[in-house]
Amino acid sequence: MNFDYTEDQKSLKDEARRYLNAVSPITVVRAVLEADGDGCDSGLWKQIGEQGWCAAAIPESYGGLEMGYVELCALAEELGRALAPVPFASTVYCFAEALLAVGTDAQKEELLPQVCSGDLIGTLAVSEGAGVLTPERIATRFADGRISGAKVPVVDGLVAGKAVVLAAADTGPGLFLVDLGGEGITREKVSTIDPTRGEARIVFDDAPAQPLGDGVDGIAALSGIEDRAAVLMAFEQLGGADRCLEMARDYALERYAFGRQIGSYQAIKHKLADVFVKNEVARANAYYGAWALSTDAPELPLAAAAARVAACEAYWHAAKENIQTHGGIGFTWEADCHFFYRRARHLGLVIGSPRDWKRRLATRLEARVAAEVD
Amino acid sequence: MNFDDSAEEAAYRAEVRTWIAANAPDLSHLTAEERRNWHPRHKEVARAWQATKADAGYACISWPKERGGAGGTAIEEAIFNQEEARAGVQFTYFMTGLHMLLPALMEHSSDPASLAQVAPAVRGDTIWCQLFSEPSSGSDSAGVRCAAVREEVDGVPGWRINGQKVWNSGAQAADFGMVVARTNPDAPKHKGLTVFWTDMKAPGLEVRPIRMMSGDNELNEVFLTDVFIPDNQRVGEVDGGWKVVISTLMNERAALGSGTGLNWRDVIKLAGETPSFDGMALDDPAFREWLADYYVQSEAIRLTSFRTLTSLSKGHAPGPESSAGKLLWSSTTQDMTSVVLNVLDHFGMVDDPEIAAASGAFQHRFMWSPGLRLGGGTDEIMKNIIAERVLGLPGDIRVDKNVPFRDIPHGR
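Protein sequence lines correspond, in order, to chains E and Z.
Counting from 1, one number per residue, gives the positions in the first sequence under UniProt numbering.
Counting from 1, one number per residue, gives the positions in the second sequence under UniProt numbering.
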């Protein structure tokens with residue numbers, strides 16, 4: 001029984017925190033926000049690539065470090081805490097996991113080493129507009145090695161070199177690999193609530209594409225990929241939520257009102273205790289998800305949904321109450337609170353909203369109970 | 001991250017699982033009514049089970065053998081408790097004594113006669129209750145006014161106790177109680193308290209049941225009128241009782257934080273059998289969304305107990321996560337019961353065990369649940385503990401600090 005990081009994992013995490021404090025202080029996030037560019041600090045991304053972080057969980061046979069998924073979770077927690085404005089989640093949790101899950105050997109051998117070195121930014125292109133995209137509503141079409149349609153928003157779509165695209169084909173929905181630097185691609189920036197993570201609208205006009213994997217059921221494959229991404233992303237969310245609680249706590253100790261620290265009032269203490277409890281709920285579920293991910297346990301789909309639902313709720317709650325605790329100053333552009341408020345909802349929508357995941361969770365829970373009865 | 005037992009732990013778990021399967025009491029011959037806490041037949045089953053465990057070395061596993069324990073490890077005890085809960089044969093009658101009071105007695109007393117009371121309690125031969133709260137001191141647990149004054153009776157040095165206690169769980173059935181009294185009203189309030197244990201049949205001690213809003217009679221008022229307690233039954237130093245109180249309260253929260261009773265499986269079963277607009281309640285999207293939230297919180301409580309086990313297996317004491325667990329468990333339980341009443345619609349109000357869904361278990365829990373948020377430290381006290389001990393926020397401004405107890409303002 002060890003429901004915690006090991007000592008080695010803790011030192012990796014401490015090291016990552018020290019490193020990010022040095023190379024990705026909150027001023028880096030502000031600079032990306034104010035630059036209003038592609039939502040990425042390319043210098044920071046290069047450094048993170050050189051650290052080997054993208055390679056952490058990828059097998060050695062594809063140029064990875066094969067450290068393990070719990071190690072990757074530890075890095076994710078720190079990246080989330082630092083709000084690092086880099087395409088790590090899209091590339092590592094989504095694109096690389098898609099390749100590992102259903103890619104052919106040739107696709108893995110070609111692309112994973114480039115992911116490991118940080119040379120290739122990848123992403124997942126699913127959404128086509130407002131609302132839930134059910135399989136029958138997919139408008140992007142694949143036929144004869146070409147893809148047409150539009151995807152919006154695509155995270156890191158401005159900087160990504162390749163995308164895994166969900167599209168309809170004669171054989172049903174599938175996942176397709178597309179070179180975003182190739183012909184038939186138009187991409188434009190889309191303004192979002194979190195400009196520290198870039199988003200694009202990508203139009204595919206008979207763009208060359210190849211199926212990801214061989215005879216893959218696109219909907220089932222996407223669901224499996226999203227489960228893996230959900231666990232990893234839950235750690236980013238947890239890192240962000242913890243940082244919000246620390247910021248609020250520190251401010252409550254420093255700010256005086258009516259002659260005393262605002263943190264001495266129960267209105268503030270109880271508010272922050274509620275944040276703590278939600279963060280602990282998120283931590284417990286995220287750790288369980290990490291265990292399921294790292295051991296490829298049959299519990300993964302249910303554990304991943306629980307990790308995501310808990311992490312979305314905790315980060316949103318921590319981010320809004322952090323602003324509330326800061327009072328008026330927390331609502332200003334100059335304060336850092338809004339970075340977390342933005343990122344909390346960005347991460348809470350990017351692979352589907354909590355509403356979507358609660359639906360998945362209930363279905364999986366019902367299946368589990370049914371399996372137990374049999 | 002792994003949930004696997006070590007080879008030794010796995011062997012121990014297999015051993016206790018087999019033993020429990022072979023020896024666990026059968027509750028199936030009890031009616032729904034008889035299966036409720038404090039029903040004499042239910043209590044008798046629990047008492048017999050406790051003795052069976054003690055004879056086999058499975059009661060208070062981590063305690064020393066001379067105190068009735070088995071001289072085992074904390075992790076073995078935790079494994080046994082998990083397996084016992086899994087088999088549905090965990091009872092609450094002895095928890096106050098075994099989880100809260102007697103560990104404090106063993107820690108703070110060296111009196112042979114006092115320590116001799118521990119082993120019979122381990123066997124379930126005696127039940128202990130807590131005599132801490134008072135009408136004017138609930139959350140403010142150091143505000144005790146029950147007075148103890150030194151007196152010698154027939155050459156025995158001791159204390160004369162006068163006062164009133166309240167919310168005493170199980171006092172109606174208890175053989176012994178642990179009482180906090182004020183021995184120095186001139187000292188600040190935390191510094192004039194002393195803890196004693198007493199025979200609940202001592203002359204001058206009267207137990208009156210309190211009928212709770214659920215209709216159950218588990219709580220009591222206890223009146224102490226000139227009750228004499230010999231000095232050897234003092235636990236800890238004179239005026240040093242606060243330390244003893246703190247050790248018992250921390251144990252209480254750890255025990256309450258683990259979460260027992262109706263859970264998501266029971267809720268899914270009921271929702272799957274209850275008709276709704278289209279199909280069953282379990283098919284209703286709003287219900288499913290709530291179910292997901294409830295599951296996530298329930299899982300957190302279950303998983304937090306693994307974090308506690310992790311600490312234990314590394315030889316560390318459990319951390320402050322137990323306060324978060326208690327807070328979470330009591331409020332999710334209350335909300336869950338109310339959602340289930342909605343699922344049942346009109347019929348949600350029916351609690352007659354003969355016709356109610358799940359024999360009325362949800363309605364009974366619904367009427368119990370306000371107490372879960374009050375007993376063992378209210379929600380508000382739990383939040384103060386988290387804010388102050390975990391987050392490091394300052395204590396409230398206190399008007400009762402460094403003031404002699406007798407000068408502290410009080411209401412009626």
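It is worth saying that the hints were derived from the structure and are not from the lab.
Careful, some of the hints might be misleading.
What the hints assert, rightly or not - Restricting the straight-line Cα-Cα distance to at most 20 Å, the calculated cross-link-like pairs of lysine to aspartate or glutamate (DMTMM-like) are:
1. Z:Lys269 - E:Asp8
2. Z:Lys201 - Z:Asp175
3. E:Lys13 - E:Glu372
4. E:Lys320 - E:Asp274
5. Z:Lys269 - Z:Glu299
6. E:Lys320 - E:Glu372
7. Z:Lys314 - E:Asp274
8. Z:Lys65 - Z:Asp125
9. Z:Lys269 - Z:Asp351
10. Z:Lys43 - Z:Glu8
11. E:Lys271 - Z:Glu388
12. Z:Lys314 - E:Glu34
13. E:Lys108 - E:Glu60
14. Z:Lys201 - Z:Asp226
15. E:Lys271 - Z:Asp379
16. Z:Lys314 - Z:Glu8
17. E:Lys271 - Z:Glu380
18. Z:Lys269 - E:Glu372
19. E:Lys108 - E:Glu136
20. E:Lys271 - E:Glu321
21. E:Lys189 - E:Glu34
22. E:Lys271 - Z:Asp396
23. Z:Lys191 - Z:Asp226
24. Z:Lys191 - Z:Asp125
25. Z:Lys314 - E:Glu66
Here is how each hint holds up against the structure:
no.: 1; hint: Z:Lys269 - E:Asp8; result: violated (43 Å)
no.: 2; hint: Z:Lys201 - Z:Asp175; result: holds (7 Å)
no.: 3; hint: E:Lys13 - E:Glu372; result: violated (38 Å)
no.: 4; hint: E:Lys320 - E:Asp274; result: holds (12 Å)
no.: 5; hint: Z:Lys269 - Z:Glu299; result: holds (17 Å)
no.: 6; hint: E:Lys320 - E:Glu372; result: violated (40 Å)
no.: 7; hint: Z:Lys314 - E:Asp274; result: violated (29 Å)
no.: 8; hint: Z:Lys65 - Z:Asp125; result: holds (17 Å)
no.: 9; hint: Z:Lys269 - Z:Asp351; result: holds (18 Å)
no.: 10; hint: Z:Lys43 - Z:Glu8; result: violated (34 Å)
no.: 11; hint: E:Lys271 - Z:Glu388; result: holds (13 Å)
no.: 12; hint: Z:Lys314 - E:Glu34; result: violated (48 Å)
no.: 13; hint: E:Lys108 - E:Glu60; result: holds (12 Å)
no.: 14; hint: Z:Lys201 - Z:Asp226; result: holds (13 Å)
no.: 15; hint: E:Lys271 - Z:Asp379; result: holds (12 Å)
no.: 16; hint: Z:Lys314 - Z:Glu8; result: holds (14 Å)
no.: 17; hint: E:Lys271 - Z:Glu380; result: holds (11 Å)
no.: 18; hint: Z:Lys269 - E:Glu372; result: holds (12 Å)
no.: 19; hint: E:Lys108 - E:Glu136; result: violated (29 Å)
no.: 20; hint: E:Lys271 - E:Glu321; result: holds (8 Å)
no.: 21; hint: E:Lys189 - E:Glu34; result: holds (15 Å)
no.: 22; hint: E:Lys271 - Z:Asp396; result: holds (15 Å)
no.: 23; hint: Z:Lys191 - Z:Asp226; result: violated (23 Å)
no.: 24; hint: Z:Lys191 - Z:Asp125; result: violated (35 Å)
no.: 25; hint: Z:Lys314 - E:Glu66; result: violated (27 Å)
Going through the hint list in order, the structure does not satisfy hints 1, 3, 6, 7, 10, 12, 19, 23, 24, 25.
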